[in-house]
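Residue numbers (our numbering), protein chains in the order written: chain W, 1 to 322; chain A, 1 to 322.
There's no promise every hint is true.
No distinction is drawn between identical chains; accordingly, a pair holds when it is met within one copy or between any pair of copies.
Computed list of lysine to aspartate or glutamate pairs in EDC-like fashion (alpha-carbon distance at most 16 Å, straight line) [to be verified]:
(1) 84 / 115
(2) 225 / 21
(3) 309 / 124
(4) 79 / 124
(5) 309 / 209
(6) 309 / 21
For the record, the hints were derived by calculation from the structure and aren't laboratory data.
Protein chains: 2
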Amino acid sequence: MTPAVVARVAGTSGEREFLDELIHHGHFLPSGEPGVYGRGMTFEDVRNRFDNLVTSVSTADSPETPRFPPIIPKRTLEKAGYLKSFPQLCGVVYSFAGNEAAALDVGERATRGDDWSHHLSTTDVVLVPAACYPAYPALALRGRLPGGGSTLDLGGCYVFRNEPSGDPARLQMFHQRELVRVGEAEEVLAWRETWMDRAKKIFEQSGLDATLAVASDPFFGRGGKLMAKNQRDQGLKFEVLIPIASPHPTAVSSFNFHQDHFASAFGIQLHDGTVANSACVGFGLERITLALFRAHGMDVRHWPKDVRKQLWPKADGSLRRR
Amino acid sequence: MTPAVVARVAGTSGEREFLDELIHHGHFLPSGEPGVYGRGMTFEDVRNRFDNLVTSVSTADSPETPRFPPIIPKRTLEKAGYLKSFPQLCGVVYSFAGNEAAALDVGERATRGDDWSHHLSTTDVVLVPAACYPAYPALALRGRLPGGGSTLDLGGCYVFRNEPSGDPARLQMFHQRELVRVGEAEEVLAWRETWMDRAKKIFEQSGLDATLAVASDPFFGRGGKLMAKNQRDQGLKFEVLIPIASPHPTAVSSFNFHQDHFASAFGIQLHDGTVANSACVGFGLERITLALFRAHGMDVRHWPKDVRKQLWPKADGSLRRR
Numbered sequence: 001m002t003p004a005v006v007a008r009v010a011g012t013s014g015e016r017e018f019l020d021e022l023i024h025h026g027h028f029l030p031s032g033e034p035g036v037y038g039r040g041m042t043f044e045d046v047r048n049r050f051d052n053l054v055t056s057v058s059t060a061d062s063p064e065t066p067r068f069p070p071i072i073p074k075r076t077l078e079k080a081g082y083l084k085s086f087p088q089l090c091g092v093v094y095s096f097a098g099n100e101a102a103a104l105d106v107g108e109r110a111t112r113g114d115d116w117s118h119h120l121s122t123t124d125v126v127l128v129p130a131a132c133y134p135a136y137p138a139l140a141l142r143g144r145l146p147g148g149g150s151t152l153d154l155g156g157c158y159v160f161r162n163e164p165s166g167d168p169a170r171l172q173m174f175h176q177r178e179l180v181r182v183g184e185a186e187e188v189l190a191w192r193e194t195w196m197d198r199a200k201k202i203f204e205q206s207g208l209d210a211t212l213a214v215a216s217d218p219f220f221g222r223g224g225k226l227m228a229k230n231q232r233d234q235g236l237k238f239e240v241l242i243p244i245a246s247p248h249p250t251a252v253s254s255f256n257f258h259q260d261h262f263a264s265a266f267g268i269q270l271h272d273g274t275v276a277n278s279a280c281v282g283f284g285l286e287r288i289t290l291a292l293f294r295a296h297g298m299d300v301r302h303w304p305k306d307v308r309k310q311l312w313p314k315a316d317g318s319l320r321r322r
Numbered sequence: 001m002t003p004a005v006v007a008r009v010a011g012t013s014g015e016r017e018f019l020d021e022l023i024h025h026g027h028f029l030p031s032g033e034p035g036v037y038g039r040g041m042t043f044e045d046v047r048n049r050f051d052n053l054v055t056s057v058s059t060a061d062s063p064e065t066p067r068f069p070p071i072i073p074k075r076t077l078e079k080a081g082y083l084k085s086f087p088q089l090c091g092v093v094y095s096f097a098g099n100e101a102a103a104l105d106v107g108e109r110a111t112r113g114d115d116w117s118h119h120l121s122t123t124d125v126v127l128v129p130a131a132c133y134p135a136y137p138a139l140a141l142r143g144r145l146p147g148g149g150s151t152l153d154l155g156g157c158y159v160f161r162n163e164p165s166g167d168p169a170r171l172q173m174f175h176q177r178e179l180v181r182v183g184e185a186e187e188v189l190a191w192r193e194t195w196m197d198r199a200k201k202i203f204e205q206s207g208l209d210a211t212l213a214v215a216s217d218p219f220f221g222r223g224g225k226l227m228a229k230n231q232r233d234q235g236l237k238f239e240v241l242i243p244i245a246s247p248h249p250t251a252v253s254s255f256n257f258h259q260d261h262f263a264s265a266f267g268i269q270l271h272d273g274t275v276a277n278s279a280c281v282g283f284g285l286e287r288i289t290l291a292l293f294r295a296h297g298m299d300v301r302h303w304p305k306d307v308r309k310q311l312w313p314k315a316d317g318s319l320r321r322r
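Extracted from the complex, chain W is given alone in its bound form (with noise of 0.2 Å):
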């Protein structure tokens, strides 16, 4: 490890803290592994009625509503140019195809705790980095978009990040609640812009303190720099964020437009012919639901009534039963 990873695995105090009363209080359930947690019933009840509330908005655009596992074929994020820009995050899924007497050695080396990875290798799938990549060929294969593009809510997606982590706002898997908007420039644009501002106002309701910005990805290494500021000059990528347990405040939702990217990528075509752009609007549910404890308390009977009434609407009788 890096000095720089050592220091991320760490965490800082404050970040160490809050996992510790997330801890106590069942929220999460160490697994030994920084970055990944079981989660308790009440951390994805709020999980799930925010993830509702999104649901709520999204009616709007009468999307279609296909899922996806969490592992696509190596050949899409190849073609999707993920490794150019975020090596250091994929997540590829090896496995044993040996013998017999190859079986026995990993057998008795992992019982032992002993290094097994010798006799591993390759398959032909990798972890999902987006909720969107497995999209975009699936929307390929359906030949030319309709008239007015297509409107996807791809729900609470679990997607992986190679990079573990002291913060428990950054975990190595985690939901992503995604939507996808593919169509002609401008009216993917404003889609996003809708987004923009429904998301204003969903976390305004949460009593969350957000602030949007421009924002860029992570791209690997010195080349990565100049990526991130073409990003940031053209204004691709808005990101929501608010005050978790880091020094500064964490992302918690992003809203980016990807131009002709992944439609030329996988070849999506207008219905003139034309390539399509395209928008993806992600919230990162369990930042998100960790935003809303950190604001609110780790008990949710104490929460403000406001959020409360806002997340169990009274229709539900799970509100007078807390």
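Let chain W serve as the given structure and place chain A on it in line with the hints.
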């Protein structure tokens, strides 16, 4: 690939026909990789409805409902003894930790579709092979069990099996709805018995032709044959089998008595300090959904009235709107 694997990936003609039908009706969205599919809106609706059916039955147990992500520490898989039994099915996450030059090579090779796996190294996480694996270390951390033990409903978790297949019912990642009972041997066995009865009823009400039978796990290699025989002889595993698209009925649900295997491995103690026993019940949600489409047809509007009533109860408006 061995000849057996080549045949498995090709699938039987019945499996290919069923897969084509699923794709034609928008229930499965092909990714290009066998065993990896997106699912359409109707498929997901049915899957969630069946999941709700299990919930309506499981509430009688007043289970805790923690949730776990689809990755666990590699050490957890090792301690559970998984690699001694099923090395061929494991999924270990690899990633990139190289320098700028290596990253450049990864990007270029990936663009060309060339191999870049020599730049990858193992991380400390693996994919969850069965939904209950993360639950045991979490239970152990809480200290001794309360009198009467513990019951968990883990919801529909994504689990991974490295077995690419042309059979649409054999997915590389799928939702396993799993429930776990930890306590004394007798209470754990009685609970498993109760669930075999409950499952029989659920499948009957869903209009599925279900058979309960003693079963064994797919242990690796020649040595695995003896382990499978022991498992059968001791009645440790039962499965519900339903015809889907394969020549033989497909296992859609299993009922497993682990004796003290997991409790010993992770140190789960009864209230008196002796080692606990455990059992789990799993429903393969995609397989069950496929079985429903196979039995009742591709168009849910034409499903038998009784089955529709079961999955879309009257109280819910969505039945009428269908």
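Do the hints match the structure? See the list:
1. Taking the closest pair of Cα atoms, residue 84 and residue 115 come within 16 Å of each other only across two copies (14 Å); inside a single copy the shortest separation is 29 Å, beyond that limit.
2. Neither within a single protomer nor between protomers do residue 225 and residue 21 lie at most 16 Å apart by alpha-carbon distance, with minima of 36 Å and 48 Å respectively.
3. In this assembly of identical chains, residue 309 and residue 124 lie within 16 Å of each other by CA distance neither inside one copy nor across copies; the values are 46 Å within and 41 Å between.
4. In this assembly of identical chains, residue 79 and residue 124 lie within 16 Å of each other by CA distance solely inside one copy; the values are 14 Å within and 27 Å between copies.
5. Proximity of residue 309 to residue 209 under the C-alpha cut-off of 16 Å is found in neither arrangement, the shortest distances being 18 Å within a copy and 45 Å between copies.
6. Within a single copy, residue 309 and residue 21 get their C-alpha atoms no closer than 25 Å, and across copies no closer than 45 Å, so neither meets the 16 Å cut-off.
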